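S.K.: So the chains spell out like this:
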Amino acid sequence: MANKTAESISREEFFYGHKACAGCGGSLAVRAALKVLGRNAVSVLPAGCMSAVGFNFPQLCFSNNSIISTFAGTASMLTGVEAGLRAKGYKDFTAVGFAGDGGTADIGIQALSGAIDRNDNIIYICYDNEAYMNTGIQKSGLTPFGAKTTTTPAGRNIHGNIRPKKNMFEIAAAHDIPYAATASVGYLPDFIAKVKKASQIQGTKYIHVIAPCPTGWGVAPDETVDIAREVVDSGLWYLAEYENGRFTLNHKPKEFTSVEAYLKKQGRFKHLDDEDIRVITESRDKKWDYINSSFEYSGK
Amino acid sequence: MSRKFLSGNEAFAEGIRLARPEVISAYPITPQTIVVERLSEMVEDGSLKAEYVHVESEHSALSCAIGASAAGARAFTATSSQGLLYMAECLYYAAGGRFPIVMMNADRSTALPWNIYGDQRDSLSQLDSGWIQAYAENAQEALDLALMSYKIAENKAVSTPFMANLDGFVLTHTYETVEIPDREQADRFLPPYETDNRIDFDNPKNMAFSAGPDTNYIFKYREHEGVLAAKAVIAETEKEFAEIFGRQYTGLTESYLTEDADYILITLGSIAGLCRETADKLRSRGVKAGVLRIRYMRPFPNEEIARELKNAKGYGVLEKDISFGNEGAVYTNVNSALKKAGLTINGGNFIGGLGGRNISAADIEDIFNHIADGKDGVHFLGIGGSDNG
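Going line by line, the protein sequences match chains C and Z.
All residue numbers for the first sequence refer to my numbering, where the first residue is 1 and numbers rise by one.
All residue numbers for the second sequence refer to my numbering, where the first residue is 1 and numbers rise by one.
Possibly wrong hints are sitting among the right ones.
Unchecked claim - Residues from chain C that face chain Z, not an exhaustive set, calculated with beta carbons under 7 angstroms: (1) Val42; (2) Gly80; (3) Asn121.
The set of hints was computed from the structure by calculation and includes no laboratory data.
None of these values were measured; they are calculated from a predicted model.
Note that the Cβ used here is the ideal one computed from N, Cα and C, for glycine as well.
Using the sequences and the hints, build the whole thing.
M.R.: Structure (structure tokens):
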């Protein structure tokens, strides 16, 4: 399905000169998606990392039309932008949202659900770095089980976050959305292809891309892509699509890499004990039983 | 021109049809709902060509309108009470972004206790949000405001969102005969929205950005100037409106028998009619009573109030609001206007109509008696004075 590759993608930059942390996975996702969508993309970004690093007057870092929305209002502003441009007679544009995990799964989920329900012609990309990173690493609804954040400390009594991640991909799919997908910046060609595909589908499109935050995850800035691959390779994340009422798995590791190795190389999981790791591994296996029984596999 | 028997809500919807908004975001809340119902019918029958968006909350209603305005489209939404409070964040956002959205607010009590009836605690709590705030008295004024609001808001010197307030039920649900302007005349009065404050594919923009301590206040100062600029624009707009439609409005305030009045009652919204009637009655008994109706709370009519009250012996402010622990917001604003003008006149604050409680002619006569007695302080109609030391 990949019709955009590292060779064919635009050399033009649309998100450039911002002040994101070194190794920022979110900025990589935004940069790559805008290269696919091109100069007629209109991006909407809520309060959060990408707006904080890209929109500081007079240092404005998007070379396509871009606007910050309220924290809760990514999807509703996308709706307005799309309706407004259509009302003004524009046809050749893409309204695309880039919101973090908190902006999507917590405060923005109502507006997102409303937009999907209306089937507004927008692309909503959630760059998931698994906590409120902009405010200093607080737990969100997408923080994984066991992760230490500044509001889920790892102590003797509680080992970090006690709840698993919400599954936003399946929540979006449950609306019978025209297109939803999961991705990871560790598998960039897959993400790029999904953004391209989304841009060719009418109605609401939702892409959930894992975008590690070295600062919040406790890994080195040059490990972003590796750790974003490893979360997929260890089976703790998966690459899939939802289209025409069916789930498709795009990538099936022959054998999962070690969950423990994935966790232990990150500062946020260093405190986990054997029991915690057993719980995480079990939940992964349960998830894969479901995926294997319910998703079609697009590979060979 | 045609005549129709319409409620305040329906009249406002007629005005909006004539204003040709391009995007309407709609969410129901009593007593505003009839506006969005009528607009949906107009879109359905083709008499209004607009994108009608069924948003899932008031926060999204205004967020969507901001997005549409950023796309260069004329945007409309409507709300009331809890809905206005729920979207409060977006009020400041729209104003700071200088998006000239028009929103009708059906003035309604705020919970708790729950209450669907009219008072003005919802909109008056948002005076600082950066919006122009107008208060209509009757259905005709509501319709005319709907048409004038876009012309005022979209003026380049103003570029500020506009909140048109209609008293819940008393105005939104009361039927009157209303003159509906011709479409050709309305189009002549209100041309399509043109702005540079929009998405531009030839010269892409970064909009709604952050501005740090060095520059932030400059944007805020400009925002303030924009609302102030509305004073002159309102006057120009009403003049042009009168030339085309034959109805002349009177700017930020409307005076009734104030020229020689000893005692002036200041109020806003639909209660003004009963106040004028009471003034007539008192005049027939030789009491020099007058009424000053505030039509716009923002920009605030400082000069008009000082001018009208200059020779008065006393005044009262009747409002459907209380800022708990102090006094009504309108009273605070009026006193500030008098202080700035160097006027020292006795004046009392009369809080009435909360949760839709009826304000009777006898209540208003009582208020004038209080004013004539030279009483100041805060008085709750039907309860009495409160110590506001």
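S.K.: Let me know if the C-beta of C/Val42 comes in closer than 7 angstroms to any C-beta of chain Z, holds or violated.
M.R.: holds (6 angstroms)
S.K.: Under 7 angstroms is the threshold here; is the Cβ of C/Asn121 close enough to any Cβ of chain Z for the hint to stand?
M.R.: violated (11 angstroms)
S.K.: At a threshold of 7 angstroms, is the proposed contact between C/Gly80 and chain Z supported by beta-carbon distances?
M.R.: Nearest chain Z Cβ about 2 angstroms off; hint holds.
When each numbered hint is compared with the structure, a violation occurs for hint 3 only.
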